[in-house]
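Engineer: Residues per chain, in single letters:
Number of protein chains: 2
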Amino acid sequence: MSVAAVTPEKTLTFEQKLDRLADVAVRVGLGLKEGQELVLTASVDTLPLVRRITAHAYEAGASLVTTLLSDEASTLLRYRHGKDASFDKAAGWLYEGMAAAYASGAARMAVAGANPALLSKEDPEKVGRANRSNSIAYRPALELITKHAINWTIVPAATPDWAKLVFPDLPADQALARLWDAIFAATRVDREDPVAAWKEHDAKLHQRADYLNKKRYHALHFRGPGTDLTVGLADDHLWLGGGTQAHNGQYCIPNLPTEEVFTTPHKDRVNGTVTSTKPLSHQGTLIEKISVRFENGRIVEAHAAAGEAVLQRMIETDAGARMLGEVALVPHSSPISASGVLFWNTLFDENAACHIALGQAYSTCVKNGENMKPEELAAKGANESLIHVDWMIGSGEVSVDGVNADGSHEPLMVKGEFVTA
Amino acid sequence: MSVAAVTPEKTLTFEQKLDRLADVAVRVGLGLKEGQELVLTASVDTLPLVRRITAHAYEAGASLVTTLLSDEASTLLRYRHGKDASFDKAAGWLYEGMAAAYASGAARMAVAGANPALLSKEDPEKVGRANRSNSIAYRPALELITKHAINWTIVPAATPDWAKLVFPDLPADQALARLWDAIFAATRVDREDPVAAWKEHDAKLHQRADYLNKKRYHALHFRGPGTDLTVGLADDHLWLGGGTQAHNGQYCIPNLPTEEVFTTPHKDRVNGTVTSTKPLSHQGTLIEKISVRFENGRIVEAHAAAGEAVLQRMIETDAGARMLGEVALVPHSSPISASGVLFWNTLFDENAACHIALGQAYSTCVKNGENMKPEELAAKGANESLIHVDWMIGSGEVSVDGVNADGSHEPLMVKGEFVTA
Ligand SMILES: [Zn+2]
Ligand SMILES: [Zn+2]
Ligand SMILES: [Zn+2]
Ligand SMILES: [Zn+2]
Numbered sequence: 011m012s013v014a015a016v017t018p019e020k021t022l023t024f025e026q027k028l029d030r031l032a033d034v035a036v037r038v039g040l041g042l043k044e045g046q047e048l049v050l051t052a053s054v055d056t057l058p059l060v061r062r063i064t065a066h067a068y069e070a071g072a073s074l075v076t077t078l079l080s081d082e083a084s085t086l087l088r089y090r091h092g093k094d095a096s097f098d099k100a101a102g103w104l105y106e107g108m109a110a111a112y113a114s115g116a117a118r119m120a121v122a123g124a125n126p127a128l129l130s131k132e133d134p135e136k137v138g139r140a141n142r143s144n145s146i147a148y149r150p151a152l153e154l155i156t157k158h159a160i161n162w163t164i165v166p167a168a169t170p171d172w173a174k175l176v177f178p179d180l181p182a183d184q185a186l187a188r189l190w191d192a193i194f195a196a197t198r199v200d201r202e203d204p205v206a207a208w209k210e211h212d213a214k215l216h217q218r219a220d221y222l223n224k225k226r227y228h229a230l231h232f233r234g235p236g237t238d239l240t241v242g243l244a245d246d247h248l249w250l251g252g253g254t255q256a257h258n259g260q261y262c263i264p265n266l267p268t269e270e271v272f273t274t275p276h277k278d279r280v281n282g283t284v285t286s287t288k289p290l291s292h293q294g295t296l297i298e299k300i301s302v303r304f305e306n307g308r309i310v311e312a313h314a315a316a317g318e319a320v321l322q323r324m325i326e327t328d329a330g331a332r333m334l335g336e337v338a339l340v341p342h343s344s345p346i347s348a349s350g351v352l353f354w355n356t357l358f359d360e361n362a363a364c365h366i367a368l369g370q371a372y373s374t375c376v377k378n379g380e381n382m383k384p385e386e387l388a389a390k391g392a393n394e395s396l397i398h399v400d401w402m403i404g405s406g407e408v409s410v411d412g413v414n415a416d417g418s419h420e421p422l423m424v425k426g427e428f429v430t431a
Numbered sequence: 011m012s013v014a015a016v017t018p019e020k021t022l023t024f025e026q027k028l029d030r031l032a033d034v035a036v037r038v039g040l041g042l043k044e045g046q047e048l049v050l051t052a053s054v055d056t057l058p059l060v061r062r063i064t065a066h067a068y069e070a071g072a073s074l075v076t077t078l079l080s081d082e083a084s085t086l087l088r089y090r091h092g093k094d095a096s097f098d099k100a101a102g103w104l105y106e107g108m109a110a111a112y113a114s115g116a117a118r119m120a121v122a123g124a125n126p127a128l129l130s131k132e133d134p135e136k137v138g139r140a141n142r143s144n145s146i147a148y149r150p151a152l153e154l155i156t157k158h159a160i161n162w163t164i165v166p167a168a169t170p171d172w173a174k175l176v177f178p179d180l181p182a183d184q185a186l187a188r189l190w191d192a193i194f195a196a197t198r199v200d201r202e203d204p205v206a207a208w209k210e211h212d213a214k215l216h217q218r219a220d221y222l223n224k225k226r227y228h229a230l231h232f233r234g235p236g237t238d239l240t241v242g243l244a245d246d247h248l249w250l251g252g253g254t255q256a257h258n259g260q261y262c263i264p265n266l267p268t269e270e271v272f273t274t275p276h277k278d279r280v281n282g283t284v285t286s287t288k289p290l291s292h293q294g295t296l297i298e299k300i301s302v303r304f305e306n307g308r309i310v311e312a313h314a315a316a317g318e319a320v321l322q323r324m325i326e327t328d329a330g331a332r333m334l335g336e337v338a339l340v341p342h343s344s345p346i347s348a349s350g351v352l353f354w355n356t357l358f359d360e361n362a363a364c365h366i367a368l369g370q371a372y373s374t375c376v377k378n379g380e381n382m383k384p385e386e387l388a389a390k391g392a393n394e395s396l397i398h399v400d401w402m403i404g405s406g407e408v409s410v411d412g413v414n415a416d417g418s419h420e421p422l423m424v425k426g427e428f429v430t431a
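Quick note, the sequences are listed as chains A and B, same order. For reference, each letter of the first sequence is one residue, going 11 to 431 in the numbering used here. For reference, each letter of the second sequence is one residue, going 11 to 431 in the numbering used here.
Note that these hints are calculated values from the structure, not bench results. Take the hints with a grain of salt, since some may be wrong.
The list makes no distinction among identical chains, and a pair is therefore deemed to hold if it is satisfied within one copy or across any two copies.
Stated by the list, open to error - List time: in silico DSSO-like cross-link candidates among lysine-lysine, alpha-carbon distance up to 27 Å: (1) K383 / K224; (2) K43 / K93; (3) K93 / K27; (4) K93 / K136; (5) K390 / K225; (6) K224 / K157; (7) K377 / K224; (8) K299 / K425; (9) K136 / K43.
Bear in mind the structure is a predicted one, so any value in this text is a computation, not a measurement.
Using the sequences plus the hints, can you model the full thing?
Structural biologist: Here it is as structure tokens:
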């Protein structure tokens with residue numbers, strides 16, 4: 011028999027874990043520089059974490075922390091009371107302001123805790139128009155982020171509505187506590203030394219990306235229930251994973267948690283059928299059991315058991331919205347996947363399974379891509395779109411082959427696990 | 011004998027009064043135009059009113075309501091954890107964004123409910139630097155507002171910290187309820203027909219301004235305990251009061267409540283001593299029993315029983331900070347004054363007593379002033395500064411004479427009440 015040892019992390023109070031999450035977010039996720047300005051976005055439901063992050067950012071030498079707080083109840087009021095003509099308007103002045111802040115050196119942190127089902131009952135046509143207007147207005151700011159001009163990160167915070175969706179059978183307070191525990195585990199702040207744990211994990215993701223970059227596969231072949239999909243990889247594609255050195259010199263880990271390695275597919279060389287393995291929460295609406303067929307890169311048929319109208323609108327956003335901009339590999343044994351919890355939140359669910367994204371490709375996933383013009387990137391196979399929507403196609407039943415230029419296959423993942431790397 | 015009639019307004023629930031306040035704010039205060047964008051600022055403590063305003067704005071046809079929510083706890087964290095070098099930074103990108111929104115047609119509403127004593131215990135030197143940086147960054151946006159390029163308004167909301175300061179002897183919930191009642195009374199939403207009540211009140215303020223505009227006094231002479239002050243009026247000064255037609259065509263009442271008529275003093279023709287009759291809350295700090303002496307327009311001596319350091323820093327902001335930019339007349343019998351409550355909030359206290367403001371003059375209070383260059387305005391006597399700080403000099407013991415160009419005096423207010431008008 012054995013007596014259970016009380017490990018230090020078990021004795022941490024909720025407040026201490028919250029404070030550790032803020033510390034990890036600022037130091038490990040964001041890599042805030044002394045004297046740097048910080049632009050933080052968060053919902054009012056996440057204020058306790060926002061305040062901890064603010065304190066840690068100022069301690070790390072932030073010159074100013076500006077938090078743009080959103081209120082989901084106010085968001086809903088637009089759908090309840092807004093005139094039909096209003097749904098094509100976006101706060102361009104605010105997004106341009108954010109872009110100006112980044113251009114002048116500010117860092118960017120987002121606290122993610124939205125209710126994944128906020129807009130599920132609203133008119134998909136209005137939701138689609140509002141999303142499209144926002145995407146267009148947000149584009150200049152987003153480009154500075156995706157090109158890693160600045161250091162940025164996204165960290166999760168549990169909120170009551172999100173917790174209720176994840177743990178529908180638990181009382182509200184228990185659901186919230188369970189979701190916080192899952193967040194503390196996924197962000198490694200319940201480890202004895204979270205910073206050291208992140209260092210080790212980050213090294214492992216880089217090692218995996220390096221392996222794939224040496225392999226230089228021409229395509230990946232996904233096989234599983236409802237899935238037989240070949241995803242060509244862009245010419246000069248680069249696999250990335252873990253942290254990145256931003257162009258302002260700061261090292262950041264853009265997503266907390268992160269378990270993926272990812273690259274840019276070739277937009278014209280995607281063929282076959284694929285079925286989603288987890289439901290997708292897309293800007294407040296839920297899309298379940300997606301099943302699509304690709305021909306020469308384009309979706310030619312798309313279905314979903316729930317939210318099909320939202321899916322259809324999404325892929326009609328623009329020409330690139332029905333083509334792939336990302337493919338990512340995540341072992342089925344990843345800690346988030348092993349938790350068995352469905353988070354209805356891309357930050358978690360995309361780090362629990364292999365996934366693909368419709369829409370915009372990351373120029374950083376093409377060699378020297380950040381310095382290329384749109385035409386040059388397109389020539390390499392990188393897709394362009396207003397949207398970038400990740401959805402999950404991996405599971406313990408899905409295997410992946412690496413396909414060489416000569417057509418030969420080699421097993422890369424078998425039943426959800428990497429064969430080597 | 012008589013039986014007290016139950017008037018309809020007595021039967022209104024708190025929720026109904028809150029909803030009426032939002033309705034009055036949008037329709038009477040702001041005069042929102044169908045299809046117009048709205049930029050709203052508020053503290054997170056005022057979310058219940060913010061949501062009502064949002065609903066009423068969308069019902070009135072707002073194309074988009076964007077609320078910039080502030081969190082006072084986060085503001086304090088800067089003073090607790092920020093490095094010394096950080097206090098000269100302002101979110102210029104955000105203020106520029108707001109200016110861009112106004113320039114492109116957005117309306118502006120501020121919900122005022124700040125804790126008047128938030129920064130009272132912080133280092134006045136840091137508070138002063140932070141305020142100065144903000145004033146500089148905010149200037150372009152503020153100019154569009156003060157010139158009435160757009161329709162705008164400020165409405166109050168009770169918050170726990172503010173209520174505690176106003177009613178220190180009451181339990182927290184009673185203090186909050188009392189402050190809400192005072193707000194509902196001052197904003198006339200407890201009347202049977204608030205919109206009609208505002209129409210009548212607005213007409214009265216315009217009538218009073220018209221009377222003074224016909225009089226064309228050369229100066230005003232204030233006399234009372236600790237006060238013997240002559241305030242020269244600017245050449246071609248204009249008295250304003252109540253609502254204004256903004257240049258975008260919308261009629262708005264910029265302050266709810268408002269009881270004042272006000273104009274531009276001549277910056278070089280202010281002489282004598284003046285003592286404040288109510289304490290002043292200035293950006294989170296409290297200044298009490300101000301006593302200053304003017305010579306040829308400039309403060310040459312300044313004291314305060316509390317907050318003197320903040321006062322000194324304030325008047326050292328720039329050359330115009332020790333000169334007057336506004337003089338305003340309010341009868342002592344005004345409903346806010348009659349309530350006997352000290353609000354520690356300029357929106358209320360300046361509407362309970364005659365007041366003067368140090369700093370920037372309103373170009374709208376000079377004939378054709380909005381079309382004049384800074385030099386032309388200065389030649390008329392209009393002051394220029396980064397600050398505009400109102401403080402109260404009127405009471406039931408203060409009388410005001412109108413002084414004609416020939417030096418003759420005529421009584422305008424006696425013991426706080428208008429003789430005619
Ligand atoms: Zn991904
Ligand atoms: Zn993605
Ligand atoms: Zn005034
Ligand atoms: Zn004023």
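Engineer: Hints first: check each against the structure and report whether it holds.
Structural biologist: Hints, verified against the model:
In this assembly of identical chains, K383 and K224 lie within 27 Å of each other by CA distance solely inside one copy; the values are 26 Å within and 67 Å between copies. In this assembly of identical chains, K43 and K93 lie within 27 Å of each other by CA distance solely across copies; the values are 13 Å between and 44 Å within a copy. In this assembly of identical chains, the alpha carbons of K93 and K27 lie at most 27 Å apart only when taken from different copies (25 Å versus 44 Å within one copy). Taking identical chains as interchangeable, the C-alpha atoms of K93 and K136 lie at most 27 Å apart only when both belong to the same chain, with a minimum of 10 Å there against 45 Å between chains.
Only within a single protomer do K390 and K225 lie at most 27 Å apart by alpha-carbon distance; the minimum there is 18 Å, versus 78 Å between protomers. With identical chains, the CA atoms of K224 and K157 are at most 27 Å apart within one copy only, with a shortest distance of 23 Å there and 64 Å across copies. In the homo-oligomer, the alpha carbons of K377 and K224 lie at most 27 Å apart inside one protomer (13 Å), although the nearest pairing across protomers, at 76 Å, exceeds that limit. For the identical chains of this complex, K299 and K425 are intra-copy neighbours only, at 20 Å inside a copy versus 78 Å across copies, given an alpha-carbon limit of 27 Å.
Proximity of K136 to K43 under the C-alpha cut-off of 27 Å is restricted to the inter-copy arrangement: shortest distance 22 Å between copies versus 41 Å within a copy.
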